[in-house]
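Place chain U on chain P using the hints.
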Amino acid sequence: MIITIASGKGGTGKTTVATNLAISMADKVQLLDCDVEEPNVHIFLQTRPVSKEIVSTMVPDVDSSLCTYCGECEKICQFSAITLIGKSIMTFPEMCHSCKGCIMVCPEGAIKESARELGEIIKEDSEGIELVYGRLRVGEAMSPPLIEKVKDQINKNMTTIIDAPPGTSCPVIAAIKDSDFVLLVTEPTPFGLNDLILAVEAVRTMNLKFGIVINRCDSGNDGVLQYAKKENIEIMMEIPDRRDIAENYSKGIPMVKAIPEMKDLFNSLYSKIQNRIQN
Amino acid sequence: MFVLRKTINNYKKGKAMKIAVTSTGKDLTSDVDPRFGRAAYFIIVDPATLEFEVVENTQNLNLPQGAGIQAGKTILNSKAEVLITGNCGPKAFKVLNEAKIKIITAAKGRVIDVVQQYKNGNLNTSQGANVEGHWV
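From first to last, the protein sequence lines stand for chains P and U. Each residue of the first sequence is one higher than the one before, starting from 1 at the first, in our numbering. Each residue of the second sequence is one higher than the one before, starting from 1001 at the first, in our numbering.
Bound-form chain P, shown alone:
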């Protein structure tokens, strides 16, 4: 079972929901931080290092002594990552999406596989939570390939919680696809609502089951509630805007550990998600 925590707007509480949900679950759980541009789940958990691995993606390497400049590789590349300029083949590894099309169409077999470093995948362990996160190499422009490599670590025998990056662009789609359920975390403000609507459009297009979590629910306005009612979207949980939650957060203490009623709230969230997945 894969539950992904996403949001249109950043800073609404994805990581808070993901970590607290993972901690409150009784069974062993996998927590994947797919916000590889700025992973931060490990900051909220007391962890023990397990492994660290550098990961790469395929990019083409042309042997110019075999190349006949036929241009077939250029024709198949949708990203101009391999380009014929007069009598030379130029490659732009940073543009390559690793489809291997150029290698397949080259009649001379002049292209072999090389690699571009994407970043690293780090595994840590925290009191029954198996944490896996990616850290994108500084200067790498594309995060989806690394997000997919983080997701290759999914253990189907466990419940997996994915902390997605914010927004609705390619990295988010890479993080949420194949989820059994998506929780869209929002705040009750016009900004939160605007970006929530975009996120709802994305998950509906992908045909995924989803629900809304409203964080700091008693602040702002009732725009999100009205929208959810109109669109018939279930509000799965509302986290109150309380000083004791914020104070514990500022000390790095998850709310489910410090405040018993919060643990109940997250337990009931998990049951609701299970019901929605089964029905």
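Please keep in mind that the hints were generated in silico from the structure rather than gathered at the bench. This structure is a prediction, so every number in the text was calculated from the model and none was measured. Accuracy of the hints is not assured; some may be wrong.
Computed cross-link-like contacts, BS3-like style, restricted to lysine-lysine with a CA-CA straight-line distance of at most 25 Å [claimed, not checked]:
{"id": "1", "chain 1": "P", "residue 1": "K272", "chain 2": "P", "residue 2": "K156"}
{"id": "2", "chain 1": "U", "residue 1": "K1100", "chain 2": "P", "residue 2": "K75"}
{"id": "3", "chain 1": "P", "residue 1": "K87", "chain 2": "U", "residue 2": "K1079"}
{"id": "4", "chain 1": "U", "residue 1": "K1026", "chain 2": "U", "residue 2": "K1108"}
{"id": "5", "chain 1": "U", "residue 1": "K1100", "chain 2": "P", "residue 2": "K87"}
Coordinates of chain U only, in the frame set by chain P:
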């Protein structure tokens, strides 16, 4: 610089040459388009006769990435020896350099005026990209 001098000498000797200028419109009185990869048009002009042709860049305007690389190929196919534009990113610069096309950046004003400035020798070629690449 040597190659540029050779180009100018060829031009002075009366050999036909072409200059590509990024343009916001379809004639010589249009303003230079500061963008290269996503320029509206390329005007390919013979500085001696001022005869020109217009190459549209619609296809590149809609590319999510790699517009500079494709625009570089368009200039190569136009047989222009010099490109005059506002900004040129690193990938476009690499392509144009490989194709031995001289690049002049930071051009401003009307296409006809920058062509005149080039003829007067008032424009210098660039040694590198003058802007960063962009990502979606």
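Mind checking the alpha carbons of P:K87 and U:K1079 for me, to see if they're no more than 25 Å apart? holds, 15 Å
For a C-alpha distance cap of 25 Å, please report whether U:K1026 and U:K1108 respect it. Judged against 25 Å, a Cα distance of about 16 Å means the pair holds.
Does P:K87 lie within 25 Å of U:K1100 when you go C-alpha to C-alpha? holds, 12 Å
Holds or violated: P:K272 to P:K156, with C-alpha atoms at most 25 Å apart: holds, 21 Å
Run the distance test for U:K1100 versus P:K75: straight-line Cα separation, threshold 25 Å. holds, 22 Å
Violation of the numbered hints given earlier is absent; every hint is satisfied by the structure.
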